[in-house]
Amino acid sequence: MRAPLRLIFTPTNISLAIAVATSHVAFASDSDTSHFDEVVVWGTKVSSNTESMFADDMSLKQADHLSDLLRDIPGVDVGGTHSINQRINIRGLSETDLDIRLDGASQHANMFHHIGNLTLNPDILKSADIQVGNNSVTQSGLGGSVYFETKDARDLLRYDETFGARLFGGYATNDSQQGSLTLYGLLGEKVDAMVYGHYVSRDDFEDGDGVKTFGSEGDIYNVLTKFGYQLSDIHRFEVSYDLYRDSGDYSPRPDMSGQANVDLSKSLLIPTDYDRDTIALSYQLSGEQHKGSITLYNTETEVVRDESVMAGAWPGNRVSKNSAKNQNFGLGIKFQSDYNLAGLGNQITYGGDYLDKTTSSYYGTSKFMEESTVSSDVFAENQFLFTDWFNITAGVRYDDYKRKAVVGTNNYDELTWSLAGELDVTDSLTLFASTRTLFKGPELMETFIAYQNVAFLDADLKPETGRNSQGGLRFNQRFDKHTLGMNLTVFQTDIDDYITDESNRATGTYRFYNLGDVRIEGFEASVSYGYESFASKLSYSKSDTENRENGDPVAGGNGRSIDMGDSIALNFDYQAHSLDTIFGWSSIWVKQEDNVFDGQPPKQAYDVHNLYAQWIPHSVEGLTITFGIDNIFNEQYTSHASRSGIVNRNGIIVFDDHEPGRNYKLSAAYQF
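Numbering of the sequence shown is given in this note's numbering, commencing with residue 77 and proceeding in unit increments.
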């Protein structure tokens, strides 16, 4: 049985499965049709293994930050409010512990503890596939993976079109404006092309207490060009160039509140450029028996800060125009094949990755350092289909990791494995369980700091290993015009020899060492209900972390506990066919988190509520007008994945990176 909004995308030339609902859909019979079944809406399909069904998140959110897309996924949060500080967090583990890719290109970086490592534009994303927890040898992250894919020309062409265009403009009262132009079409029977340009202008927003932040005003533009060659129905080649620029006079510490920056360095702002350039060449196979992709890519991410303005506030060796660059050159191969062996159905996923990551920094005109890591892996994972209702999946992976740092070269390798099973108790109820061993070598130091020449690894430093185990159930059932879906995942992640670092001001050195063994355990649960044109979803996620050596919290990169408070998310959507309008509401409640270090305040509880509506009129084909109110009740809050806490430095300074207060959003798009 199919959701009515998913029926939009049944034509073969429309692969962009974007539904007009946030993270849930209402089911209807195949004979049910509506105006919404005949239009393609620009947006992003978000799917997660912790949902009871696919989550179709789209342009209703009017997203300009990844938190707008991902924050209500069970087990996932996104920290940071600044444009250069988007930090995905899964079960308390941050982006350096996740496998994050954009169109197959690894986004792994460790740029600077005051900014994020991701320079992504949510507007152009076609899909975001989230795996909460590492449950498969096809993934490399300790905590899970997030695979982003951007749109291409064939996603946007409608019906018998050969060319098309889309104009978009949006305004938000707190406080940004954005617009985009997309041109796409067929240059021949087999060749397609798309050029996309997007611009965002931000001012300093006000938080829930009406206090204007400091150092957020800047501009972003993103240009994406794609050319595709459709050799046949199942073979496609694609080349893309993705340019991202973020520029402004930004606060010295963009992960902190504006007031904290004023307290620490008065009204000083640093001219900042945060850029990314990605070139990718890919091959995609989409046959019935064999499917997969090969991606060759080069991504360069660079931050440039003119810190000469910080004279008197910064150490003398930093008062200059300084830069840091991360370059990822890689090759990713992943295929899936179906075959029969001794009368038993099998599906094998196999491939490998190669990633050469090079980091470098300049202080003034002098090159300070260059370091690199080279990682490679091969994997194979086979699903044994014993019956239509029972299967077992087993996999093996080999990782080789070389860390070539200023102070020495270290090699690490590991063989890991996975085992999983699924049992369909009924047509509606599935039980599942999995276990996966883990491996991760020590990171390079942050690129934009000047400690590489005095850093060292403990002589007995071990790589991080461990195991993630989880199990639960999925339930999906239709009762006449009613639908009910449920998902429960209970997990335990053990990370042995957890690696952390510390600076020693007395000796002027920086040390990497094994903290000990860490355990993360909890659950994610969601329930979805739909009736005709109404859909709803309720989810609850819980994650608790402890240092198994002493029971203490575990520190993240900013010294704050990585624990997140329990999170509840509630969503409603309704399709008003007579009004050509979709209405929706979303709410998030986060409980207080008390597992913090001595002397630090707890992470405060909060609740945030958003309202949205989208009008797609019959009378004007291609027009979409969207209205929304974020943070309706003007809540003053800080995401538990963002910077928070206090320090006593000539008085108490509060780091809390407060989110924007109430924000009215209005946008219009015309596709022709």
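Derived from the structure by calculation, the hints contain no laboratory data. Note that the structure is predicted; figures quoted are calculated from it, not measured. Hints are supplied without guarantee of correctness; some may be wrong.
Unchecked claim - Listed next, the in silico DSSO-like pairs over lysine-lysine satisfying Cα-Cα at most 30 angstroms (straight line):
| id | residue 1 | residue 2 |
| --- | --- | --- |
| 1 | 667 | 618 |
| 2 | 367 | 410 |
| 3 | 557 | 433 |
| 4 | 401 | 202 |
| 5 | 288 | 557 |
| 6 | 401 | 367 |
| 7 | 342 | 288 |
| 8 | 342 | 401 |
| 9 | 410 | 342 |
| 10 | 557 | 538 |
| 11 | 266 | 397 |
| 12 | 433 | 443 |
| 13 | 401 | 443 |
| 14 | 433 | 367 |
| 15 | 401 | 480 |
| 16 | 410 | 443 |
What the hints assert, rightly or not - Computed beta-carbon distance windows for the label pairs:
| id | residue 1 | residue 2 | range |
| --- | --- | --- | --- |
| 17 | 361 | 654 | 18 to 24 angstroms |
| 18 | 582 | 423 | 54 to 60 angstroms |
| 19 | 234 | 568 | 45 to 51 angstroms |
Even for Gly, the Cβ is constructed at its ideal location relative to N, Cα and C.
Evaluation of the provided hints:
{"no.": "1", "hint": "667 / 618", "in the structure": "holds, 10 angstroms"}
{"no.": "2", "hint": "367 / 410", "in the structure": "holds, 9 angstroms"}
{"no.": "3", "hint": "557 / 433", "in the structure": "violated, 52 angstroms"}
{"no.": "4", "hint": "401 / 202", "in the structure": "holds, 27 angstroms"}
{"no.": "5", "hint": "288 / 557", "in the structure": "violated, 48 angstroms"}
{"no.": "6", "hint": "401 / 367", "in the structure": "violated, 35 angstroms"}
{"no.": "7", "hint": "342 / 288", "in the structure": "holds, 15 angstroms"}
{"no.": "8", "hint": "342 / 401", "in the structure": "holds, 28 angstroms"}
{"no.": "9", "hint": "410 / 342", "in the structure": "violated, 51 angstroms"}
{"no.": "10", "hint": "557 / 538", "in the structure": "violated, 56 angstroms"}
{"no.": "11", "hint": "266 / 397", "in the structure": "violated, 48 angstroms"}
{"no.": "12", "hint": "433 / 443", "in the structure": "holds, 18 angstroms"}
{"no.": "13", "hint": "401 / 443", "in the structure": "holds, 11 angstroms"}
{"no.": "14", "hint": "433 / 367", "in the structure": "holds, 28 angstroms"}
{"no.": "15", "hint": "401 / 480", "in the structure": "holds, 16 angstroms"}
{"no.": "16", "hint": "410 / 443", "in the structure": "violated, 38 angstroms"}
{"no.": "17", "hint": "361 / 654: 18 to 24 angstroms", "in the structure": "violated, 45 angstroms"}
{"no.": "18", "hint": "582 / 423: 54 to 60 angstroms", "in the structure": "holds, 57 angstroms"}
{"no.": "19", "hint": "234 / 568: 45 to 51 angstroms", "in the structure": "holds, 47 angstroms"}
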